[in-house]
Every structure is written in structure tokens, then in C-alpha cells.
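Here the protein sequences line up with chains A and B, keeping their order.
Numbers given in the working numbering equal positions in the first sequence, counted from 1, plus 20.
Numbers given in the working numbering equal positions in the second sequence, counted from 1, plus 20.
Mixed in with the good hints there might be a few duds.
Just so you know, same-sequence chains aren't split out, so a pair can sit in one copy or run between any two.
Heads up, simulated SDA-like pairs for lysine to any residue below, C-alpha to C-alpha not over 25 Å straight-line [unchecked claim]: (1) Lys111 to Asp77; (2) Lys76 to Met110; (3) Lys66 to Met110; (4) Lys73 to Gln109; (5) Lys66 to Gly43; (6) Lys66 to Asn84; (7) Lys111 to Glu55; (8) Lys66 to Ser114; (9) Lys73 to Lys111; (10) Lys66 to Tyr106; (11) Lys73 to Arg113; (12) Lys66 to Gln112; (13) Lys76 to Met21; (14) Lys73 to Gln112; (15) Lys111 to Leu62; (16) Lys73 to Ser114; (17) Lys111 to Arg44; (18) Lys76 to Gln112; (19) Lys41 to Ser64; (20) Lys41 to Cys102; (21) Lys111 to Ile74; (22) Lys41 to Gln109; (23) Lys111 to Ala69; (24) Lys41 to Val96; (25) Lys111 to Ser59; (26) Lys73 to Ala107; (27) Lys76 to Arg113.
The set of hints was computed from the structure by calculation and includes no laboratory data.
All figures in this text were calculated on a predicted structure; none of them were measured in a lab.
Here are the chains, one letter per residue:
There are 2 protein chains.
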Amino acid sequence: MPSELEIAMESLITVFHRYAKDGRLNRAELRKLMENELSNFLRSQKDPAAVDKIMKDLDANGDNQVDFEEFVSLVVGLSIACEQCYAAQMKQRSFRNWKIPDWERKRITPPPNSP
Amino acid sequence: MPSELEIAMESLITVFHRYAKDGRLNRAELRKLMENELSNFLRSQKDPAAVDKIMKDLDANGDNQVDFEEFVSLVVGLSIACEQCYAAQMKQRSFRNWKIPDWERKRITPPPNSP
């Protein structure tokens with residue numbers, strides 16, 4: 021049975037080939053992929069020309085097509101951004117759950133009869 | 021409901037953090053992750069020092085830890101290698117299903133009484 025990571029890697033490949041009919045994404049195919057698979061990200065982009073700009077950024081070799089390697093660089097960029105949010109949230113959560121250790125509580129608690 | 025691609029990106033993050041207890045993978049955690057999540061790949065490596073070599077390759081900043089960005093570069097490398105196999109298989113499959121068009125069959129079929 022494949023692992024969760026193997027399933028994720030397989031998904032990257034099958035999602036790409038679901039839209040890249042001849043093995044590379046043209047502009048219309050990239051738009052369709054982003055509308056269906058990255059709709060939350062696309063909605064967060066205020067710029068209506070976002071897909072065109074992403075296409076230009078991804079298309080490293082300038083052939084107006086996005087191959088799998090170029091597509092993966094988009095996935096990597098988004099995953100790294102998401103992971104930074106995830107790590108920050110985890111830190112915040114562990115800070116909320118953090119309790120003052122007993123030795124520190126004793127040190128900072130004022131004596132009962134202090135003003 | 022998240023898309024297949026969003027689920028895959030989430031998996032990259034959660035799998036990494038399942039093993040990276042302090043936010044980065046040390047050598048033992050990387051080994052555990054690879055044994056559990058990339059066991060097929062690890063079995064294909066004949067070299068018993070494969071994990072150590074991968075650790076050295078991934079650890080771009082030389083701190084003996086693998087952070088999420090460094091981990092993702094392993095996933096990308098493996099995904100690109102898998103995609104090349106996938107694309108080659110798809111080509112071979114479509115070649116097998118390819119039929120000689122009628123006009124070409126007529127052209128190359130010898131006349132019935134030919135020697």
C-alpha cells in the first residue's frame with residue numbers, strides 16, 4: 021500500500037497530466053488547472069491577470085508552455101508559503117499551551133502580605 | 021472541499037512535521053521518514069549509506085538538519101523522476117494503441133495476387 025507521501029507525489033503527476041493534454045500546459049490549460057485545483061489561492065489574488073503573470077514566471081524556457089518541472093516549482097512555492105503559516109500557527113498554539121513552570125511561578129508570585 | 025492538489029500539498033507539510041519534532045529533521049528522523057514514507061525508493065538504493073548521502077545532499081546550509089525547503093527538494097527530485105517514467109509509459113501505451121490509418125493501410129497492403 022502506498023504511503024501518504026507517495027500518494028501525494030502521485031497526485032502531483034496525475035493532476036498535471038489531467039490538464040496537460042500533450043504533456044505540457046498551455047495558457048488555457050494552466051488557467052483551468054488553477055481554477056479547479058488552486059481556487060482558494062486564485063481567489064486571494066486581486067489581480068485579474070494573475071494567471072498570465074504566473075504563466076510568465078513559471079515558463080522558465082520561454083516556450084509559452086509549462087512543463088512538469090516548471091509546474092512543480094509553483095507547487096513548491098505555495099507549499100513553502102503554507103508551511104511557514106503552519107509552523108507559525110504551531111508555535112502560537114504551543115505558546116498558548118505553555119504554562120509557567122512551578123519554580124518560575126514561585127519566583128514571580130508576590131508574598132501573600134505584600135501591598 | 022479541498023482539491024486533490026491542495027490535499028497533496030497539505031500531505032507534504034503534515035508528513036514532514038510528523039517526523040520533524042522540532043521543525044527540522046535530524047538524521048534519525050530523516051531515516052525514519054524515508055523508511056516509512058519512501059520505503060520503495062529506499063529499497064531500490066543498494067547503498068546502505070543511502071540515507072546519510074541523501075542527508076548530505078539535502079542539507080544545503082550544512083547544519084546537519086533538513087528543513088522543509090530542503091525536504092521539498094527531495095520530493096521534487098523524486099516526483100520529476102517518476103513523472104518522466106509516467107510520461108514514457110503513456111507514450112508507449114499510446115503507441116501500442118496506435119492503428120495504421122485506412123489510407124496508409126491501403127497504400128502499404130500489397131495487391132491480392134502479388135508474389
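Here is what the structure says about each hint:
1. Taking CA atoms no more than 25 Å apart as the test, lysine 111 paired with aspartate 77 passes in neither setting, with 32 Å inside one copy and 28 Å between copies.
2. When the C-alpha separation of lysine 76 and methionine 110 is checked against a cutoff of 25 Å, the pair qualifies neither within a copy, at 34 Å, nor between copies, at 28 Å.
3. Within a single copy, lysine 66 and methionine 110 get their C-alpha atoms no closer than 28 Å, and across copies no closer than 38 Å, so neither meets the 25 Å cut-off.
4. Proximity of lysine 73 and glutamine 109 under a CA criterion of 25 Å is satisfied in neither setting, with 30 Å inside one chain copy and 32 Å between copies.
5. Proximity of lysine 66 to glycine 43 under the C-alpha cut-off of 25 Å is found in neither arrangement, the shortest distances being 30 Å within a copy and 32 Å between copies.
6. Taking identical chains as interchangeable, the C-alpha atoms of lysine 66 and asparagine 84 lie at most 25 Å apart only when both belong to the same chain, with a minimum of 23 Å there against 40 Å between chains.
7. For a Cα distance limit of 25 Å, the shortest separation of lysine 111 from glutamate 55 qualifies neither inside one copy, at 32 Å, nor across copies, at 28 Å.
8. Within a single copy, lysine 66 and serine 114 get their C-alpha atoms no closer than 33 Å, and across copies no closer than 41 Å, so neither meets the 25 Å cut-off.
9. With identical chains, the CA atoms of lysine 73 and lysine 111 are never at most 25 Å apart, being 33 Å at best within one copy and 31 Å at best between copies.
10. For the homomeric pair lysine 66 and tyrosine 106, the shortest alpha-carbon distance inside one copy (23 Å) is at most 25 Å, but the shortest distance between copies (36 Å) is not.
11. When the C-alpha separation of lysine 73 and arginine 113 is checked against a cutoff of 25 Å, the pair qualifies neither within a copy, at 36 Å, nor between copies, at 35 Å.
12. Proximity of lysine 66 to glutamine 112 under the C-alpha cut-off of 25 Å is found in neither arrangement, the shortest distances being 28 Å within a copy and 43 Å between copies.
13. In this homomeric assembly, lysine 76 and methionine 21 never come within 25 Å of each other (Cα to Cα): the closest approach is 39 Å inside a single copy and 29 Å across copies.
14. In the homo-oligomer, the alpha carbons of lysine 73 and glutamine 112 never lie at most 25 Å apart, since the shortest distance is 34 Å inside one protomer and 35 Å across protomers.
15. Neither within a single protomer nor between protomers do lysine 111 and leucine 62 lie at most 25 Å apart by alpha-carbon distance, with minima of 27 Å and 32 Å respectively.
16. Taking the closest pair of Cα atoms, lysine 73 and serine 114 never come within 25 Å of each other, the shortest separation being 38 Å inside a single copy and 34 Å across copies.
17. In this assembly of identical chains, lysine 111 and arginine 44 lie within 25 Å of each other by CA distance solely across copies; the values are 14 Å between and 40 Å within a copy.
18. Proximity of lysine 76 to glutamine 112 under the C-alpha cut-off of 25 Å is found in neither arrangement, the shortest distances being 36 Å within a copy and 31 Å between copies.
19. Proximity of lysine 41 to serine 64 under the C-alpha cut-off of 25 Å is found in neither arrangement, the shortest distances being 27 Å within a copy and 31 Å between copies.
20. Taking the shortest alpha-carbon separations for lysine 41 and cysteine 102, only the inter-copy value of 18 Å comes in at or below 25 Å, while the best intra-copy value is 29 Å.
21. Taking CA atoms no more than 25 Å apart as the test, lysine 111 paired with isoleucine 74 passes in neither setting, with 31 Å inside one copy and 28 Å between copies.
22. For the identical chains of this complex, lysine 41 and glutamine 109 are inter-copy neighbours only, at 15 Å across copies versus 39 Å inside a copy, given an alpha-carbon limit of 25 Å.
23. In the homo-oligomer, the alpha carbons of lysine 111 and alanine 69 never lie at most 25 Å apart, since the shortest distance is 35 Å inside one protomer and 34 Å across protomers.
24. Proximity of lysine 41 and valine 96 under a CA criterion of 25 Å is satisfied in both settings, with 22 Å inside one chain copy and 22 Å between copies.
25. With identical chains, the CA atoms of lysine 111 and serine 59 are never at most 25 Å apart, being 28 Å at best within one copy and 31 Å at best between copies.
26. Proximity of lysine 73 and alanine 107 under a CA criterion of 25 Å is satisfied in neither setting, with 28 Å inside one chain copy and 27 Å between copies.
27. Within a single copy, lysine 76 and arginine 113 get their C-alpha atoms no closer than 38 Å, and across copies no closer than 32 Å, so neither meets the 25 Å cut-off.
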